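> Once you've looked at the hints, dock chain B against the given chain A.
These protein sequence lines map, in sequence, to chains A and B.
Residue numbering for the first sequence follows the working numbering, beginning at 57 and increasing consecutively.
Residue numbering for the second sequence follows the working numbering, beginning at 7 and increasing consecutively.
The hints are simulated quantities; they were obtained by calculation from the structure and are not laboratory data.
It cannot be assumed that every hint is accurate.
If you only want the chain A side, here are some residues facing chain B, beta carbon under 7 Å, derived [as the list claims (entries may be wrong)]:
hint	residue
1	Asp159
2	Ser839
3	Ala892
Computed beta-carbon distance windows for the label pairs [as the list claims (entries may be wrong)]:
hint	chain 1	residue 1	chain 2	residue 2	range
4	A	Gly692	B	Gly61	33 to 41 Å
5	A	Gly844	B	His226	36 to 44 Å
6	A	Gln896	B	Thr237	50 to 58 Å
The model shown is predicted, which means the values in this text are computed figures rather than measured ones.
Note that the Cβ used here is the ideal one computed from N, Cα and C, for glycine as well.
Single-letter residue listing:
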Amino acid sequence: MGASDGGEVRSTCPYCGVGCGVRIAHAAGQITGVTGDEKHPANFGKLCSKGLALPRTLSKSTRLLHPQVRPSRGAAAGRVTWDAALDHVADKFARCIADHGPDSVAFYISGQLLTEDYYVFNKLAKGLIGTNNVDTNSRLCMSSAVAGYKATLGADAPPACYDDLDHAACYFIAGSNMAFAHPVLYRRLEESRARRPGTKLVVVDPRRTDTAADADLHLPIAPGTDVALFNAMLHVLLGERRIDRDYIDLCTEGFAALEREVEPCTPEWAAAICEVPAADIVQAARWFADGPTLSLYCQGLNQSSHGTDKNAALVNLHLATGQIGRPGAGPFSLTGQPNAMGGREVGGMANLLSAHRDLSNPEHRAEVARLWGLDSVPAKRGKTAVELFDALAEGSVRCVWIACTNPAQSMPDQALVRAALERAEMVVLQDCYGDIETARFADVLLPASTWGEKDGTVTNSERRISRVRPVIAAPGEARADWEIASDFARRLGPRLGRDATKLFPYVKAADVFAEHCESTRGRDLDITGLSYALLDARGPQQWPFPEGATQGRERLYADGRFPTATGRARFHVASYQPTAESPTAEHPMRLTTGRLRDQWHGMSRTGRAAALFNHEPEPRLSVNPRDLEERGLDDGDLVRVSGPRGAILLRAQASTEVRPGDLFLPMHWGGRFLAGGGINALTTRAVDPFSFQPELKHAIAQVERATLPHALLALGSVADPDLALAALAPLLDRFDYASCGLAGSDTAAVVLRAASAEAIDPALLAEIDAIFGFTLERGALSSFEDPGSGVSRIARKLGVRLAAVRLLGDSTGADWLLELVTGGRSIANLGYQLLAPTAQAPGGGTSRGRILCTCLDVAESQVVAGIAAGQDLGQLQASLKCGTGCGSCVPALKRLCAARTAEAIAA
Amino acid sequence: MKQKPRLVVIGHGMAAARTLEHLMAIAPGRHDITVIGAEPLPGYNRILLSPVLAGELGKEELKLQDSDWYAQHGIRLRLGRKAVAIARGPRSVKLDDGEHVPYDKLLLATGSRPIRLPIEGANLEGVVTYRDLADTEAMIAASARHKHAVVIGGGLLGLEAANGLKSRGMEVDVVHLMPWVMERQLDREAASVVQRRLEARGIRFHLGYETLSVEGVDGHATAVAVRPRDTQEPVRLAADLVVMAVGIRPDTALAEAAGLRADRGIVVDDTLQTYDPRIYAVGECVRHRGTSYGLVQPLYDMAKVCATHLAGVGSHYYAGSVTSTHLKVTGIDVFSAGDFADSPRRQSQVLHDAANGVYRRLVIEDDRLVGGVLVGDSAGSGRYSELIRSKASIARMRRELMFLR
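Extracted from the complex, chain A is given alone in its bound form (with noise of 0.2 Å):
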């Protein structure tokens, strides 16, 4: 526990798999701080705008305090002691398992538990339990980018670093918006690029992200298209030489049946399907292998129902290239969450085991079994994620706990899954949240402690082992997440005729580490000579790192040898087959899916810091002019966008980044944020047939017009804007559409955007007016009614401060009414001009606009304003400090000038 008189700690970020190292400044019992590591080798000291906002996200009104047991499903939940809660959930476990056996109880648990969390977990269903049902989020995330390395390399290890962002020559972006998603490690890439003339930067990405804009050369292939390409790049290669025949005779095999499969996929054939250039394909090829070429990938590969073949189509390019094992080069998969890498390392997932062992593998179960003392462990695969929602929906998985993941927000087909949870006969939850979309299912709620107050390890995208500190207590009864499944296990054991004790013999985390880092003696992870200690004394270190080792591998496969039974990589023969869906007539429009800037995930932490939503205050989706036109529809108008399994409203925003006859929509927005259940009602349970991870990023849809006469909307001030979100959660889907957010940076706003077909519900609209104020203090509001036209505007003042507006039917200058109410500008002149419908400010004053620069809190407006006047990137930093904090606006500044420049060129 840190000292509570206030000092600082060093942990890591717990946002994505960068795993940035953070310092964290704190002062009786709260954290007050928290700036970059600059000895941290992933990121040297740099942030980016969700981790320097993290101070801001740790509101304590939401935060489950205690266990609470639901007496039936829609009921309040009740307060129950630790003891009653975990007896309570051992019993029906316990019966469950008597008598429907031990696969009829699962756990779901979360790429951001740390290692220690998962371990535990892990043996509690396989070592105690005996049933391999236990998976995580990471199915959603990583598990191509695994099955992709283990049919290719031969296990679950990126092989390069970190490092070798400063020595490729080309590096090739493959489904990955890393501008958005991995920020610092953009900025290293940026600054690498920027110091090093000359070198290429590839994007393949349907959509022109902030990162394809960055590109020498953007292919923005139609969605799914990946294999043709990369299979067509091979074909370049072959063709032009330029593959590395001595390195493929040495160090693969399979390659012959490859060079038979990617034959006829010329670039013309690719052309077709991928629908750009062919010779945009040979260059991309060309560059590929001048190398050294560094692969950097995520999503877009990932959630795919072809995602190992994505993954291995694309490693194949390496190995025939040879550009693997040396500085520069190598496929590198971004990992999404910052700790997915730890828990596939204890094999937490329902087709692993501890240790990358295999779970088909006998000698593999043994081992494990022995290392537990156990007479063997279960050898049925688990039940992986899409299949344990389907399995809970159908009855045959009957009891579920779920830690540290919100599956009523991230799995796809929500009206599946909020089905399953709904048919379960016990949902567990545990989390440090109590207004997640999950929690409205579980039947017992426990607290769990959170990012600040737990202790252990993560391991992050380049296989470093970081350390996670404690720095203030968890609040009220919340416990580390270990230690709660580690105390169920003692409590289930007995009920199951065992002894659980010695099983579970934990009192530290360290204790937990030690256990783990001994399973993976003599694996391609072997751990055994790390340590807290060792961590804690020389910081953190990548695997592997055998006991006497005095560091870990920076790269793997230098020496060209592979961990398969011969040694050798294997070439992976994939033919490009298309998406799950394709578009029908009813469906014509190919739906993907990605990340915005500032959030992450389903928003359970970032959601709660008003700064972040700055840059993106709504969620929005983005269409092609020529799609809205089709349509008779605009920028800003509501649309309703509708596919196989569901339809949600929201606005659309006219974009260029999607082609023609695609969508985007941000991942993010769950049922919290947008009425109808959030984007993944419309998204597919798709699966990879090898790594099983669904095809979050491609599902087929139709847009129209919505038409919602009956607007709303409400921006305030409030006393816990936590509080108020978790308070308008339950009302979104009371309108046909609505969404909330936050606003503003020092002084947050809550904002509520909704609308309906029909007059909305007096008691619907009371119950709002209760949320943002508007039924405290009548003599501090201004309104103006207009019945007639259904127009209503209602202002609540806090001395010479807006503190709240309610907007009925229409909603012209909400704009500058939000900078009122977060700005903090005295209202006292204005009248009650404040309620007029206009779209400037009375009295002068423009609207800033969409904030571009969520750490300085600069505002497009300011830089279009001084890129007019003439500034350029180095001027605009000097002058308004934009992308000097955390740099992640800096590709938006650096495509804003060069608009600029390219207009003065065309005038």
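Just chain B now, kept in the frame of chain A:
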């Protein structure tokens, strides 16, 4: 040279003055004009009596025209002289000093008289009405000597009297028979804004109270007995000064004695002509299309039309006024126009800004603005009056209508 037609004007208030101004603008020198005025002063701006009462203006600032304006235009003034009869046959006006003033055309602008309640004690010393400069001066004098004032009547004049007396240091009670003040100009909500502002200055209100009597000692008022409607218990309010501001009555005595048609006002047609083609009438003394007006704007409207007909170029017709009033009630900006009674076909836009003492209501019928009440901020009042008068469609400006400036 042919003699100019003789125009005689009886009354020298704002209606007469405004008609003459228009006439001089259209046809200067066309008439030989004589003005007969009972008050010893040239026409003054009655609207400004309240600021004078409140001590915000001196009485010299009331003048409508410099005295030499009349001289310049060759207009004879007979001030402090009262017309006592009109002989329509010989076409002459008899004055109180016996003089006969012959006319070819006669303009009646005799105005109105304040109503004095027919109650016990109504004629005691210290009981005044509020109509002219003399009343104002009497109140100013009383406020210097006395402490307690009761204003009977919560109309515009009553409130202005109350406010004036309050600012001259008196304790003021307002007794009003109706449930809210200024009920002709304001809806209940607007009235309550006005009332709250006045209450904040220390004026007490007794709404829904009828006045029973004025009590006195030695011939001077000392108290007013009032009683809430529907109850039996009278309440006595101390009063050294009692101001009756309960309404006005068109002054038709002279016209009626001359046999002109009158019906709660001298009846005129759309050219402001009475039943005698040589005689016109304007202002508060007239009844036009069944309506008499007590506000300044209709009087100005009449003056404008009447002047054209007197000038012999009459092409305008007076079709009645949209009663619009824009005034400072005791420093509170108040505007009231048109018709704002509720009806099923009507829709209202309402704006409340309690912290700033603002209430605004606009009444819309069939996409036309038909009425409005603005309190605390009368921005846009000119355009609202015009929209009500013109009956133009507001369909395309409905969104911004309330926020016009």
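> Evaluate each hint against the coordinates.
Verification of the supplied hints:
Hint status for Asp159/A relative to chain B: violated, with the closest Cβ pair at about 63 Å, above 7 Å. Interface restraint check for Ser839/A: the shortest CB-CB distance to chain B comes to about 5 Å, inside 7 Å, so the restraint holds. Given hint, Ala892/A at the interface with chain B, holds; its Cβ is 4 Å from that chain's nearest Cβ, closer than 7 Å. Between Gly692/A and Gly61/B the CB atoms are about 58 Å apart, so this pair departs from the stated range of 33 to 41 Å.
Take Gly844/A and His226/B: their Cβ atoms lie about 56 Å apart, and the range 36 to 44 Å is violated. For Gln896/A and Thr237/B, the hinted distance range of 50 to 58 Å is satisfied, since their beta carbons lie about 56 Å from each other.
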